[in-house]
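**Student:** Since the structure of chain Y is provided, determine the placement of chain S on it from the hints.
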Amino acid sequence: MSVIEVGIIIQRPPYKSETATLGFTHAISYQVVDIYLDDGQSVTPKVCLIGEGVLNCLKNHKAMENYGVTSIESHIKNALLVDLDIYVCREDLERFGISEDRLVDAEDMGADKKIQVVPFSEIQKILEQTKHILVF
Amino acid sequence: MGTLTIGCFASLVGSKSLDFALKLSKAAVDKGHKVNIWLSSNGTMMGKANQKHLKDYSTSEKYVKELLEKGVEICECEACALARGIQKPEAIQGIKWDAMHWYLAKIYNSDRVLQIGGE
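Taken in sequence, the protein lines are chains Y and S. 648 is the number of the first residue of the first sequence in my numbering; add one for each residue after it. 904 is the number of the first residue of the second sequence in my numbering; add one for each residue after it.
Isolated chain Y (complex conformation):
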């Protein structure tokens, strides 16, 4: 059994470009990565939102109404539902004046996981343990 961790840093804001969405969709795709790997091998993404990327985790997106696309909120909920770890930088949330009660959760979908608000030093430690890092 060999599982590697891949850090996925999302630092772009939602909807300005496709970048943040791609970060989440690449992370969620870990669910089916096993079909290309040998038995016991897998990839575990660690999603870290920093800088303007923390804006992705605000509740109540209206992406379908405004842009006709699946919201990043929906991607985050799906990510939590499939037990992905999503870490949000506490300092950057404070910089934008965002309180934790404004963050997306997937309780309505029955997810056990929640977005984890952590100091940047903790994100650095998480990333140090990953084999590779993808920046979105």
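Take the hints with a grain of salt, since some may be wrong.
Derived pair list, reagent style BS3-like, types lysine-lysine, alpha-carbon separation capped at 30 angstroms [said to hold, decoys possible]:
1. S:926 with S:937
2. S:999 with Y:693
3. Y:761 with Y:724
4. S:926 with S:958
5. Y:778 with S:926
6. S:934 with Y:778
7. S:999 with S:973
8. Y:778 with S:965
9. Y:760 with Y:778
10. S:929 with Y:778
11. S:968 with S:937
12. S:999 with S:958
13. Y:778 with S:958
14. Y:663 with S:991
15. S:929 with S:973
16. Y:760 with Y:772
17. S:968 with S:991
18. S:958 with S:919
19. S:958 with Y:693
20. Y:778 with S:919
21. Y:772 with Y:724
22. Y:778 with S:937
23. S:937 with S:991
24. S:973 with S:958
25. Y:693 with Y:663
26. S:919 with Y:663
27. Y:760 with Y:663
To be clear, the hints were calculated from the coordinates, so they are not data collected in a lab.
**Tutor:** The following block gives chain S in isolation, referenced to the frame of chain Y:
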């Protein structure tokens, strides 16, 4: 020798990022390394056949074909391509079409990963 996987998200026209990715891939494969290239987002333009080489714009088709002949695995994100109006029959022959888990699987077996972002 090592394995390098490059994720290309930048546009072929309008930046030199993909040009860099292709030249880096050639240098790596010529040194005996294994190279995988993942084309996603605007990077999917790199895999379209029948590119016309106008001198003011980057083209990739010639280089992509050369890399494929050298054994580089190149895969295009099917959803990203279709969303941009690129159909599979229009792709450069030899390029695979798959989804994001292909990229993650290649990352698993890579010594180095380079992600060239679109923005």
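**Student:** Is the hinted pair residue 693 of chain Y and residue 663 of chain Y satisfied, with a Cα-Cα distance of at most 30 angstroms?
**Tutor:** It holds: about 23 angstroms lies between the C-alpha atoms, which stays within 30 angstroms.
**Student:** Check whether the Cα positions of residue 919 of chain S and residue 663 of chain Y lie no farther apart than 30 angstroms.
**Tutor:** holds (22 angstroms)
**Student:** Would the hint linking residue 958 of chain S and residue 693 of chain Y be met if the CA-CA limit is 30 angstroms?
**Tutor:** violated (43 angstroms)
**Student:** Does the structure keep residue 761 of chain Y and residue 724 of chain Y at a Cα separation of 30 angstroms or less?
**Tutor:** Within the cut-off at roughly 9 angstroms; holds.
**Student:** Is the Cα-Cα distance between residue 958 of chain S and residue 919 of chain S 30 angstroms or less?
**Tutor:** holds (14 angstroms)
**Student:** Does residue 663 of chain Y sit within 30 angstroms of residue 760 of chain Y, going by the straight-line distance between their CA atoms?
**Tutor:** Between residue 760 of chain Y and residue 663 of chain Y the Cα gap is close to 27 angstroms, so the pair holds against 30 angstroms.
**Student:** Is residue 778 of chain Y close enough to residue 965 of chain S, meaning Cα to Cα at most 30 angstroms?
**Tutor:** Distance of about 33 angstroms is beyond 30 angstroms: violated.
**Student:** Hinted pair, alpha-carbon criterion (30 angstroms max): residue 778 of chain Y, residue 919 of chain S. Please report holds or violated.
**Tutor:** Holds - the C-alpha atoms of residue 919 of chain S and residue 778 of chain Y are around 28 angstroms apart, at most 30 angstroms.
**Student:** Can the restraint linking residue 999 of chain S and residue 973 of chain S be considered satisfied, given a maximum Cα separation of 30 angstroms?
**Tutor:** Roughly 15 angstroms between the alpha carbons, so the hint for residue 999 of chain S and residue 973 of chain S holds.
**Student:** Would the hint linking residue 968 of chain S and residue 937 of chain S be met if the CA-CA limit is 30 angstroms?
**Tutor:** holds (16 angstroms)
**Student:** Take a quick look at whether residue 926 of chain S and residue 937 of chain S sit within 30 angstroms of each other, Cα to Cα.
**Tutor:** Answer holds: residue 926 of chain S to residue 937 of chain S is near 14 angstroms, not above 30 angstroms.
**Student:** For the pair supplied as a hint, residue 778 of chain Y and residue 937 of chain S, confirm whether the alpha-carbon distance does not exceed 30 angstroms.
**Tutor:** Holds. Residue 778 of chain Y to residue 937 of chain S sits at ~18 angstroms (cutoff 30 angstroms).
Violated hints for the displayed structure, listed by number in ascending order: 8, 13, 19.
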